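Residue numbers (UniProt numbering), protein chains in the order written: chain A, 1 to 472; chain B, 1 to 472; chain C, 1 to 472.
It is possible that some hints are incorrect.
You can't tell identical chains apart in this list, so a pair holds if it fits in one copy or across any two.
Using 20 angstroms as the maximum straight-line C-alpha spacing, the simulated EDC-like pairs for lysine to aspartate or glutamate come out as follows [claimed, not checked]:
(1) Lys232 x Asp338
(2) Lys109 x Glu84
(3) Lys99 x Glu119
(4) Lys434 x Asp222
Keep in mind the hints are simulated off the structure, nothing from the lab. In this text, all values refer to a predicted model and were calculated from it rather than measured experimentally.
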Amino acid sequence: METDLSSMIPLHAGSQQKHDTLCIFGTGDFGRSLGCKMLQCGYSVVFGSRNPQATGLLPKGAEVLSHREAAQRASVIILAIHREHYEFLTGLTDVLEGKVLVDVSNNLKINQYPESNAEYLAQLIPKAEVVKAFNTVSAWALQSGTLDASRQVFICGNDHKSKQKIVDIVQALGLTPLDQGTLLASKDVENYPLQLFPMWRLPVYIATGLTVFIFIYCLLTDVIYSFLSYRKDISFRIAISIPNKVFPIVSLILLGLVYLPGIFASILQLYRGTKYSRFPNWLDHWMLCRKQLGLVALAFAFLHVLYTLIIPTRYYVRWHRSDNVINQIKSNATSPFDIIIAWRTDSYMALGMLGFLFYVILGITSLPSVSNVVNWREFRFVQSKLGYLTLLLCTGHTLIYGWSKFLDVSRYRWYLPLPYMLSLVIPCIVLVIKFVLIMPCVDKSITQIRQGWERIPKSDMKSTCTNGTIAV
Amino acid sequence: METDLSSMIPLHAGSQQKHDTLCIFGTGDFGRSLGCKMLQCGYSVVFGSRNPQATGLLPKGAEVLSHREAAQRASVIILAIHREHYEFLTGLTDVLEGKVLVDVSNNLKINQYPESNAEYLAQLIPKAEVVKAFNTVSAWALQSGTLDASRQVFICGNDHKSKQKIVDIVQALGLTPLDQGTLLASKDVENYPLQLFPMWRLPVYIATGLTVFIFIYCLLTDVIYSFLSYRKDISFRIAISIPNKVFPIVSLILLGLVYLPGIFASILQLYRGTKYSRFPNWLDHWMLCRKQLGLVALAFAFLHVLYTLIIPTRYYVRWHRSDNVINQIKSNATSPFDIIIAWRTDSYMALGMLGFLFYVILGITSLPSVSNVVNWREFRFVQSKLGYLTLLLCTGHTLIYGWSKFLDVSRYRWYLPLPYMLSLVIPCIVLVIKFVLIMPCVDKSITQIRQGWERIPKSDMKSTCTNGTIAV
Amino acid sequence: METDLSSMIPLHAGSQQKHDTLCIFGTGDFGRSLGCKMLQCGYSVVFGSRNPQATGLLPKGAEVLSHREAAQRASVIILAIHREHYEFLTGLTDVLEGKVLVDVSNNLKINQYPESNAEYLAQLIPKAEVVKAFNTVSAWALQSGTLDASRQVFICGNDHKSKQKIVDIVQALGLTPLDQGTLLASKDVENYPLQLFPMWRLPVYIATGLTVFIFIYCLLTDVIYSFLSYRKDISFRIAISIPNKVFPIVSLILLGLVYLPGIFASILQLYRGTKYSRFPNWLDHWMLCRKQLGLVALAFAFLHVLYTLIIPTRYYVRWHRSDNVINQIKSNATSPFDIIIAWRTDSYMALGMLGFLFYVILGITSLPSVSNVVNWREFRFVQSKLGYLTLLLCTGHTLIYGWSKFLDVSRYRWYLPLPYMLSLVIPCIVLVIKFVLIMPCVDKSITQIRQGWERIPKSDMKSTCTNGTIAV
């Protein structure tokens with residue numbers, strides 16, 4: 001709906017009502033788009049350009065002057081120019097004094113320069129107030145008015161007043177300002193739009209690696225094995241049967257990996273007797289992407305559910321069943337109903353489906369808008385209590401599915417473990433250790449430690465101030 | 001949780017703590033509810049009424065005075081009266097001078113009057129500062145305290161200070177202020193609460209039209225045909241079999257329609273050699289409701305999945321299968337296992353399910369809270385890359401499903417194309433053109449154009465300032 | 001992404017850039033964490049402590065002084081100490097005068113003290129401005145920088161300026177301030193982090209109760225009955241068959257319970273002829289947790305769908321079907337195809353699946369981020385129109401599923417009604433009454449009443465000001 005609203009506003013272009021004047025250096029695409037949007041929202045806009053004459057193609061109602069003249073007109077100057085051209089600003093130091101310089105620039109790759117563009121600007125023109133803003137907004141979005149994507153504008157700067165000015169402008173443009181603190185944050189703000197799901201990378205890599213490995217493993221022990229042994233071509237199993245072995249295995253392993261770092265952290269804290277010493281980086285990073293790991297696991301579980309439910313519709317299955325019936329009749333040997341099998345199959349299916357329900361609930365609560373309206377107590381209840389319940393159900397599901405298969409030697413191909421066993425290792429380890437950790441005695445001391453108690457108090461607080469993650 | 005909080009606040013009704021005084025003109029339902037809420041949040045409230053005596057039924061702790069007296073008491077005056085009665089305010093111009101007049105009015109239909117109520121008010125009392133606010137909040141919501149629906153209050157006005165005053169009040173009432181800029185936006189703000197899913201209308205119409213058409217088409221070529229030809233009554237297929245042909249077809253066509261406008265836009269830009277000339281309105285509108293189109297397509301895909309997975313549970317299917325087996329035995333002719341069919345069926349099912357996964361992921365990323373925390377690069381990665389992958393998978397799913405059916409003349413009824421073919425037209429066109437567009441040579445020039453480069457630079461910038469959508 | 005940003009900020013620890021100074025009383029875990037975060041965001045921090053010497057383990061760059069000295073240094077003093085120790089502050093009244101005291105304390109249980117900690121503080125130091133804030137943020141979250149859970153900081157206080165100061169700090173820390181009004185709200189703010197899904201409790205209790213009851217009911221009439229009557233052990237049905245009877249029944253009853261209170265409310269309003277008299281508490285509470293009721297119902301529906309789709313994969317079902325075929329052949333009596341059954345089964349499945357689609361859509365629209373961007377008209381359209389459509393579809397689904405079963409005496413065990421009948425009672429009542437209520441004549445007067453019209457105007461407005469919920 002908002003997009004709708006904001007997309008209507010442009011209709012009022014050319015408003016006579018006057019906000020204060022804004023100055024934009026640079027008449028490139030972004031400068032033009034921004035100026036255009038500002039005009040639409042009732043600001044008057046002055047462009048600063050190297051050769052004011054030669055610049056066609058500017059928004060109606062906007063003036064174009066030399067940089068110097070333009071700068072004098074406004075108290076806020078938006079620099080829609082590349083960092084490479086900042087030098088020339090030093091020539092304008094006198095007019096820029098006390099003005100708010102808005103750095104909207106982005107780089108081509110993350111951490112391209114030692115210091116952020118905004119910090120570099122602040123060093124160039126120390127007498128001006130530099131504010132970083134608008135770098136996350138796309139020129140296209142401004143023009144199209146369809147801000148489907150982020151309407152968030154990260155803002156940082158050292159001077160509170162100047163920041164407030166920009167915050168007001170951002171709001172007037174119908175965008176959402178997000179104060180990120182001082183210019184120190186500008187590096188992150190500049191890196192932000194260059195990121196492509198940084199937190200998702202590790203989980204996706206792990207998932208891909210696992211998938212490939214398990215797939216080949218199943219291919220060997222299933223299709224290839226039966227081809228080599230019996231010259232039987234069951235290659236068609238590559239389409240559904242084998243993926244439907246791979247998906248649940250990967251999903252369960254990933255779910256285990258979501259809770260493993262928490263276990264490590266607890267043990268580490270117990271061992272160190274304090275929470276004020278930093279975790280190793282790999283553990284930190286692992287903990288920070290648990291949510292993403294979980295969601296990837298959910299996607300695999302989702303596929304497993306689909307692939308399982310489609311089974312009876314498959315030609316192979318249908319053929320197999322009718323073939324089975326026909327043979328029974330021909331051989332006149334009807335297989336009797338075995339209540340044990342009925343119990344076993346039904347219960348592992350039931351466990352699986354219950355597990356999937358909680359899986360989905362976990363996924364839903366990880367939606368930003370949902371996790372924003374729950375308090376810490378609730379969030380931890382869902383993420384740890386429900387999370388472990390899910391892990392428990394899914395592990396149970398797999399165990400009962402496996403049942404006594406592992407005893408049946410004939411099932412082992414080339415003495416390799418059965419695929420489903422691979423998926424059980426990590427979850428079982430996690431569950432067992434967790435079980436130990438929640439024993440009253442152990443739990444008590446962990447809780448103490450997490451409340452700040454220390455076995456040997458020592459003030460290496462620095463570590464706390466760096467980004468040490470605490471196990472939740 | 002918040003609703004919970006806000007719904008508790010009323011318990012503190014009748015606070016002695018004093019904020020500044022607010023004046024409300026009009027003792028109607030909305031005026032009373034608003035006054036009541038304000039009292040609860042610690043403001044003191046004065047009602048202005050035509051005959052202060054005769055108005056019973058007002059919140060405890062609120063005074064009722066004549067309009068003139070009430071106005072003198074407060075610096076902020078909320079007008080909870082209909083636009084029709086604004087005239088009488090002209091009589092109070094002297095007391096209203098310099099005060100903040102809050103226009104909360106709504107109209108009965110969109111664009112009822114040439115100018116918005118707020119603008120009309122601003123003309124009536126030029127010396128007062130008019131702010132539009134609260135018109136999106138419902139009286140019921142204020143009373144019940146359950147703000148399940150939007151807690152957003154759109155605010156617009158020409159004077160920044162006055163706007164800030166209202167923003168503070170809105171926040172104090174536990175609502176979310178959204179600055180929409182100057183009074184120019186008031187028309188949109190007033191139209192907003194009258195809208196009923198404006199962006200959904202077109203997609204829903206298209207979907208309905210397609211559904212009806214395809215349904216009748218299938219009805220003819222399936223039920224009616226076989227009745228006319230063989231006097232065979234298979235009308236029961238209307239319940240599931242035929243819908244399960246209609247849903248996937250409509251879903252795929254809609255998905256194609258999501259990406260078609262982007263294709264048009266690119267071609268148009270290539271042809272015009274610039275992005276600074278506006279797209280035709282129909283294309284603009286089409287592009288603005290791509291998201292909704294996609295979500296409707298997802299709903300149909302969802303139904304297709306359900307209807308497909310239920311198949312083996314159906315009485316007809318079960319009967320058919322056992323009948324089939326019985327015949328095989330009687331005729332003593334068992335059909336051999338055909339690995340080609342196994343491959344074909346399994347692989348189109350696999351493609352379909354993978355396609356559905358990405359379909360769902362696309363749907364999730366279109367949730368406001370999700371799309372708000374991704375940057376542009378990520379948003380476009382998901383929406384275009386993943387989007388086209390989905391389209392590709394679903395088209396492949398349909399192609400393999402069709403396989404060689406189209407060669408089998410016996411399947412054509414009345415020489416009409418098979419239903420599934422209808423669904424392939426648009427997606428295939430889109431995919432082919434897209435394939436051409438991403439060829440390095442073509443892609444390069446599109447990228448240039450989108451970065452603001454022009455073949456024949458000409459400054460019809462006006463068009464950019466109107467709402468021209470850029471293809472994403 | 002934001003978590004990502006905020007989690008990077010700590011890297012800039014030890015900034016030379018100077019915001020104003022903040023003072024923190026108390027060197028406990030939370031005080032340290034908060035101080036640490038503030039240092040990272042460029043504030044300078046002074047700790048106030050009983051014995052400044054003995055406190056090791058403080059953030060680098062923070063000073064530690066006596067309470068008195070520390071207080072003199074800053075205009076904002078954060079009290080990271082327990083309410084129990086507030087008394088000692090009375091000794092500092094002179095230095096605290098005019099300062100902003102931020103109460104971050106939480107209690108151990110809800111409504112532990114007659115007045116909130118913040119109000120108690122305000123009484124102790126009347127000359128200081130007390131602001132309640134930060135109590136919803138966890139120390140761990142501050143340290144880890146991973147604010148997956150709520151980044152919301154509820155703020156309330158009587159003095160607007162002081163509140164604004166805190167709002168600025170909160171934003172600078174990258175958190176989201178939420179103004180909750182005056183100190184009157186502090187009790188709610190303090191209770192908030194202690195809550196564990198308060199609105200979910202009732203729905204979950206109801207659901208659990210119903211589930212247990214229906215489960216036992218089915219167990220009796222199914223497993224136990226057939227054991228007692230025919231000595232037949234079908235206990236395996238406990239795993240899937242019986243739950244798949246329980247889930248839909250509970251789901252439908254819950255869905256009925258979502259719309260029942262609305263019905264009651266309308267009748268009550270019609271009877272009383274006014275909306276300005278408060279509903280009984282039980283009805284209020286019921287209406288406030290309708291959303292949660294609906295979501296629980298959705299979860300059960302979800303399980304029902306899964307449990308139904310898995311049916312043909314089950315060993316029992318497969319065995320049963322092939323057994324059935326074999327018998328047909330042996331007895332040489334093939335059952336003919338019955339088009340009536342085909343129609344009936346297909347159509348109740350179709351209704352069920354359509355119902356589920358709308359169920360899911362309702363669930364999605366109840367996501368905070370979605371319901372935030374729809375206006376009231378749209379919200380009520382979805383929640384009432386679509387809601388009743390869903391109820392209608394699901395009831396129809398059940399009715400057609402039941403069909404003529406209720407006529408078949410043999411199905412009644414111990415003269416108990418068939419389970420599915422239990423689920424139909426409430427939904428049918430709701431639908432019938434609703435049908436009456438939307439009759440033009442009745443509807444007209446309800447609408448009038450809801451627009452504030454009264455049959456016998458009487459000003460018991462007090463009730464409106466208390467939390468009376470209006471039926472939506």
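Here's how the hints hold up against the structure:
no.: 1; hint: Lys232 x Asp338; in the structure: between (30 angstroms within a copy, 13 angstroms between copies)
no.: 2; hint: Lys109 x Glu84; in the structure: within (14 angstroms within a copy, 53 angstroms between copies)
no.: 3; hint: Lys99 x Glu119; in the structure: within (16 angstroms within a copy, 34 angstroms between copies)
no.: 4; hint: Lys434 x Asp222; in the structure: neither (35 angstroms within a copy, 39 angstroms between copies)
Hint compliance for this structure: hint 4 alone is broken.
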